[in-house]
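**Q** Protein chains in written order, with my numbering: chain F, 1 to 337; chain A, 1001 to 1337; chain G, 2001 to 2337; chain L, 3001 to 3337.
It is possible that some hints are incorrect.
Only part of the chain L face toward chain F is listed, based on derived beta-carbon distances under 10 Å [claimed, not checked]:
#1 His3150
#2 Arg3191
#3 Lys3197
#4 Asp3206
#5 Glu3213
#6 Glu3223
#7 Val3239
#8 Arg3321
#9 Gly3323
In silico DSS-like pairs for lysine-lysine, Cα to Cα no more than 30 Å straight-line [unchecked claim]:
#10 G:Lys2041 / A:Lys1197
#11 L:Lys3041 / L:Lys3089
#12 F:Lys135 / L:Lys3041
#13 G:Lys2089 / G:Lys2164
#14 L:Lys3164 / F:Lys197
#15 F:Lys41 / F:Lys89
#16 A:Lys1041 / A:Lys1089
#17 L:Lys3164 / L:Lys3197
#18 G:Lys2164 / G:Lys2197
#19 A:Lys1197 / A:Lys1164
#20 F:Lys164 / F:Lys197
#21 G:Lys2197 / A:Lys1135
None of these hints come from the bench; they were simulated from the model. C-beta atoms are modelled at their ideal positions from N, C-alpha and C, and glycine is treated no differently.
Protein chains: 4
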Amino acid sequence: MLRIGVIGTGMIGQDHIRRMTSVLAGVEVTAVTDVDVETAKRVADALPGAVVHGSGEDLIADPGVDAVVVCSWGPTHEQYVLACIAAGKQVFCEKPLATTEEACRRIVEAEVGHGRRLVQVGYMRRYDAAYRALKAVVDSGRIGAPLMMHCAHRNPGVPSYYEKESAITDTAVHEIDMVRWMFGEEIVAVRVLVPRKSRNGGDLQDPLLFLLELAGGAIVDVEISVNIRYGYDIRGEVVGEDGTAALGEPSPVMVRGGGRLAMPVPADWRERFIRAYDVELQEWIDSIAAGGPPVGPSAWDGYAAAVVSDAGVAALRGGDRVGVTLMPRPALYEVAP
Amino acid sequence: MLRIGVIGTGMIGQDHIRRMTSVLAGVEVTAVTDVDVETAKRVADALPGAVVHGSGEDLIADPGVDAVVVCSWGPTHEQYVLACIAAGKQVFCEKPLATTEEACRRIVEAEVGHGRRLVQVGYMRRYDAAYRALKAVVDSGRIGAPLMMHCAHRNPGVPSYYEKESAITDTAVHEIDMVRWMFGEEIVAVRVLVPRKSRNGGDLQDPLLFLLELAGGAIVDVEISVNIRYGYDIRGEVVGEDGTAALGEPSPVMVRGGGRLAMPVPADWRERFIRAYDVELQEWIDSIAAGGPPVGPSAWDGYAAAVVSDAGVAALRGGDRVGVTLMPRPALYEVAP
Amino acid sequence: MLRIGVIGTGMIGQDHIRRMTSVLAGVEVTAVTDVDVETAKRVADALPGAVVHGSGEDLIADPGVDAVVVCSWGPTHEQYVLACIAAGKQVFCEKPLATTEEACRRIVEAEVGHGRRLVQVGYMRRYDAAYRALKAVVDSGRIGAPLMMHCAHRNPGVPSYYEKESAITDTAVHEIDMVRWMFGEEIVAVRVLVPRKSRNGGDLQDPLLFLLELAGGAIVDVEISVNIRYGYDIRGEVVGEDGTAALGEPSPVMVRGGGRLAMPVPADWRERFIRAYDVELQEWIDSIAAGGPPVGPSAWDGYAAAVVSDAGVAALRGGDRVGVTLMPRPALYEVAP
Amino acid sequence: MLRIGVIGTGMIGQDHIRRMTSVLAGVEVTAVTDVDVETAKRVADALPGAVVHGSGEDLIADPGVDAVVVCSWGPTHEQYVLACIAAGKQVFCEKPLATTEEACRRIVEAEVGHGRRLVQVGYMRRYDAAYRALKAVVDSGRIGAPLMMHCAHRNPGVPSYYEKESAITDTAVHEIDMVRWMFGEEIVAVRVLVPRKSRNGGDLQDPLLFLLELAGGAIVDVEISVNIRYGYDIRGEVVGEDGTAALGEPSPVMVRGGGRLAMPVPADWRERFIRAYDVELQEWIDSIAAGGPPVGPSAWDGYAAAVVSDAGVAALRGGDRVGVTLMPRPALYEVAP
């Protein structure tokens, strides 16, 4: 049993605790902490034997904690991840790795200084069965070299705290990581085109067309529509030299009625990606329990996503093509994204 | 942690042990036994703290075993299930519940005598996401009352020990249980029509058209093709008064290449139903751990499947319509299938 | 310009006249007649130069008529087709060829006596692009020898004059002809299974499961649902030894809205098969204009459909398997159906 | 019978002659001409009663010609269309209307001077059943206001005379017209993004991402891949405020074999759009025969396509956003595109 301490027992933290308690194998939650200590205590009450710590640092230091899951507020991620590295403990950090490029860079440098990988970042699309099947086709060479990719990221609606820049930093950031992983290349420039606004989007600039250039010259277009009402719909098609490969339409049922053949679309991201979250954490647990480094998104991936995301925000504000400049990739992350 | 003893450590038993050890939550395997004691020992070596018992009866009696999973050879199921009932322990029995109608009846009577449900039978289609979505549409009334169902059960090939009758007893038995559950009604008669034989089927009579009549008058046709080479393909469409609902084509990826838009078909039953097996066992574990009776397929369902299966074999041999007569359903199983 | 005389200017006759006047090439309607002479005159008023005849026999004798299209009431088909054969003129006769087996046999014998093919019967599914693509796959051998076929024939509703037997004689008769053509074999026996009735069907026995046995042993099941409300839906899947081939879902548009991905289903048979009617008549015109015999459904096909249809009605009334016995096939029709 | 003279009897001219002779109703070809008079004579030999003219001007002047179809080399279009306008005869001109913006403008001005519409340009996508169904959904308001459109235009390969600019002028020009018609708005700016090249494309810059801005702010992206080998594939999805609508995948047949469920993709543009060509010309014939003006793509549409196409070529050469400036739209073309 891998003994996990969870920092941050808000919505996402509670969801990961539920997952580690009721869904996954080989893991138990032995310690929790939260800036709101009452929430932490309430969560711990349902976890037999779990300890409540007064701070993330105390939790990290707890000898009854083998590895740490960070689900706290974004601006606190850096300090907890650095503390885990300092303690030599494996840490799964929900996205973003940190909220600034500099903070991400400090984490990368700390991990490089430590000498082996301790950090995994929570980009879960890499664990989705459809994306994995898509990548397997691309990697097989069956469609020739990949040259373009068309993506759509559609939300039925967004919460009230969603801001103009969130379209990049919260929404498109998933495509940023996915595209780097799918192509095995870094993103070198971005553009944002701004169509006329949906009446559903209030003050937001919604939808957007987000354009990515990759190091090898491939171009990716991403439609971002976050108030499209009809459902949560994630689509992607890689265009190769000889053919294309696209995410399936994985509907469990087809209904013929009222003049139509219809398939349900997922209502929200939970319905669409719940299994990816399960697989993501199970694979992390299994790799940690086996003593190996994590094989999922690394601190480098978190750093690169942050830099590209910043460029996307600049492109959204400024208009034209914005280049992306990354620090040299340390040998620790020599495997392509 | 629910402590499970596994009787039978052959292929299916080992798969369920892997599942309970590496995939599911809240469970540990604490005891195993097998007619081949060496196999049982080898399996136990990979399970820290697990005990090897010399007999199923010893395992059932073990106070370190909360509940039992029976994966042994079919003809032994009756004795172990009866022993579990006698011991008052919950038991998950792989299909078939028992190999004769009389044996199934004895189990039903023993459980009724015990007074509460202790037995679940391993019909896993009820746990498949597509079948569940299909049943949800049917139950919603959106397509009106269900009147017919069209099914296909296609295997790329079958093992050498597969016999003529296996088309009913091993293959169609899944549809027998699924249809009873989908319609919430018993099957009252069956027919088997025999088309000309596939060159791929050797001495088998393959394919078959299996026809089921339900108590309320609905008619179900099932194509059984067990050497169809192209893949493992399970299909079903319920025809209602106002529309139809069908299992989706849940392909994760769509590839355009070589003049075609193509989606992969599952290669075998593992690929198609592995998640259903996971969900089946997790839900059984959760219900047992919560102290409640199991909510999955009951001893009655196992009994009914056996009687219908016998009728199917008679129809295959004899030709025409064969009626199905069940004993009166005890109040313990008053909920529809 | 092929000069056509049309016997019967009711709904179907007017539709064929519209087709020959406004849609097809190389044809003009030069003569019409109808039991209701006023209707015939009104139709002729819109056809410059068209003659109105007092009887079908007069129209057939008209030297300004190269070939005849028969769209009159079914019981009159025999007399007009026989008159065309006697006159040595090509005739396209809407289905049915005649209303009794004996009448169909008399037509076959007359045509055989004449010595070359003059008769084509209006089974238009053979001209539908989807059925043709399906037959091309079957004939290619890509799915191995065909062993079974699953069909559904669904109407949203039927007119008030539709009777119990119409499910076979008006509806399933299309599948009867299509299946003979698809497999290139005669039908040797039929069965009808009767599920519980739809509340939408009034006194009709709706739906039905119609089962066909072919000479080579293949078995075909046809769901007939004529009050299913949601649309007009024609489906078919041929099951071969190594794979299957099915009619596509040829929807022109896919709409994502309201939680669903939906494709429209045709509202009625016109929408579904209007192109097949166009192609059917154009190919007939082209073959006649080229001086050759017609290549579409023959008098033999019309005769065979009548015999199988009679057997279907007997099976619907009586219950069990009804054999089909055809007269020996004359050499004139030696090509498979 | 509408009497048509055809200028240009090359590949496209011969195809339209075949169409008017063997497929469409209410039309005959009474005169032909070609720069290669021998070709014209050979074509005329198969057309009973057709006259061969020594020049397009003679053909236009022929009193036995009611209307003209121009299929000659692009640079000659202007002179023949102007001559038709001068003669007051309806003319169907294959795309492009003319090869320069100025020439198109002269045609527009001549037609405006004439006072009523005489010119239709051969953009046939507006006649495709799938595009029409797509536009009907957009116009219905079911998906809210249209904000974006995603298109792909894929060719398996291109002929040897295809040049770098052809990607815009020959290929994307179809999307240019289609998008104006779909949105009912003019295009105001274009961009071309250049991904890394396919190994299949030789010296061509293939593929491209062509981006269009519409007057109302909508943005359209068009993937242009002209050597993608797998087939001819035209795709389009309009993104609205509340949902999306896309061209269907209109495959006639679905084949299950070899581990896949596969649908054929059209091999070339003929297979995909042959019906659209038929409908296009039949509707033009019907509107001319009825004495009305043509309702299809106008001289204005041809002019606008030329200007946008020029901008696209400039964007391909130069790199960045290129604005589109049209002359004021004359009242003759007041209806939106």
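**Q** If a hint holds in the structure, say so; if it does not, say that too.
**A** Against the structure, the hints come out as follows:
The interface hint given for His3150 (chain L) is met, as the beta carbon of that residue sits about 6 Å from the closest beta carbon of chain F, less than 10 Å. Residue-level restraint check for Arg3191 (chain L) holds (minimum Cβ-Cβ distance to chain F is 8 Å; threshold 10 Å). Checking Lys3197 (chain L) against chain F by beta carbon gives a least distance of about 8 Å; that is within 10 Å, so the hint holds. Given hint, Asp3206 (chain L) at the interface with chain F, holds; its Cβ is 9 Å from that chain's nearest Cβ, closer than 10 Å.
For Glu3213 (chain L), the shortest C-beta to C-beta distance to chain F is roughly 8 Å, which falls under 10 Å, so the interface hint holds. The criterion of a C-beta within 10 Å of any C-beta in chain F is met by Glu3223 (chain L), whose closest approach is roughly 6 Å, and the hint holds. Restraint check, Val3239 (chain L) versus chain F: the minimum CB separation of about 6 Å is within 10 Å; hint holds. Using the Cβ-Cβ criterion of 10 Å, the hint placing Arg3321 (chain L) at the interface with chain F is satisfied: the shortest such distance is roughly 9 Å.
Against a cut-off of 10 Å between C-beta atoms, the interface hint on Gly3323 (chain L) is violated, since the closest Cβ of chain F lies about 15 Å away. Distance restraint check for Lys2041 (chain G) and Lys1197 (chain A): the Cα-Cα separation of roughly 58 Å exceeds the 30 Å cut-off, and the hinted pair is therefore not satisfied. The straight-line distance between the Cα atoms of Lys3041 (chain L) and Lys3089 (chain L) is roughly 24 Å, inside the 30 Å bound, and the hint therefore holds. This hinted pair does not check out: Lys135 (chain F) and Lys3041 (chain L) have alpha carbons roughly 57 Å apart, beyond 30 Å.
Straight-line distance between C-alpha atoms of Lys2089 (chain G) and Lys2164 (chain G) comes to about 37 Å, which puts the hinted pair past the 30 Å bound. Proposed proximity of Lys3164 (chain L) and Lys197 (chain F) is contradicted: the alpha carbons are some 35 Å apart, above 30 Å. Using a Cα cut-off of 30 Å, the hinted pair Lys41 (chain F) and Lys89 (chain F) holds, with the two alpha carbons roughly 24 Å apart. Taking the CA atoms of Lys1041 (chain A) and Lys1089 (chain A), the gap is near 24 Å; set against the 30 Å cutoff, the hint holds.
For the suggested pair Lys3164 (chain L) and Lys3197 (chain L), the alpha carbons sit about 12 Å apart, so the restraint of at most 30 Å is met. At most 30 Å may separate the alpha-carbon atoms for a hinted pair to count; Lys2164 (chain G) and Lys2197 (chain G) meet this at roughly 12 Å. Of the supplied pair hints, the one linking Lys1197 (chain A) and Lys1164 (chain A) holds, its CA atoms being roughly 12 Å apart against a limit of 30 Å. Our distance criterion of 30 Å between C-alpha atoms is met by Lys164 (chain F) and Lys197 (chain F), whose separation comes to about 12 Å.
For the proposed pair Lys2197 (chain G) and Lys1135 (chain A), the alpha carbon gap of about 21 Å is at most 30 Å, so the pair holds.
Comparing the model with each earlier hint shows violations of hints 9, 10, 12, 13 and 14; every other hint is respected.
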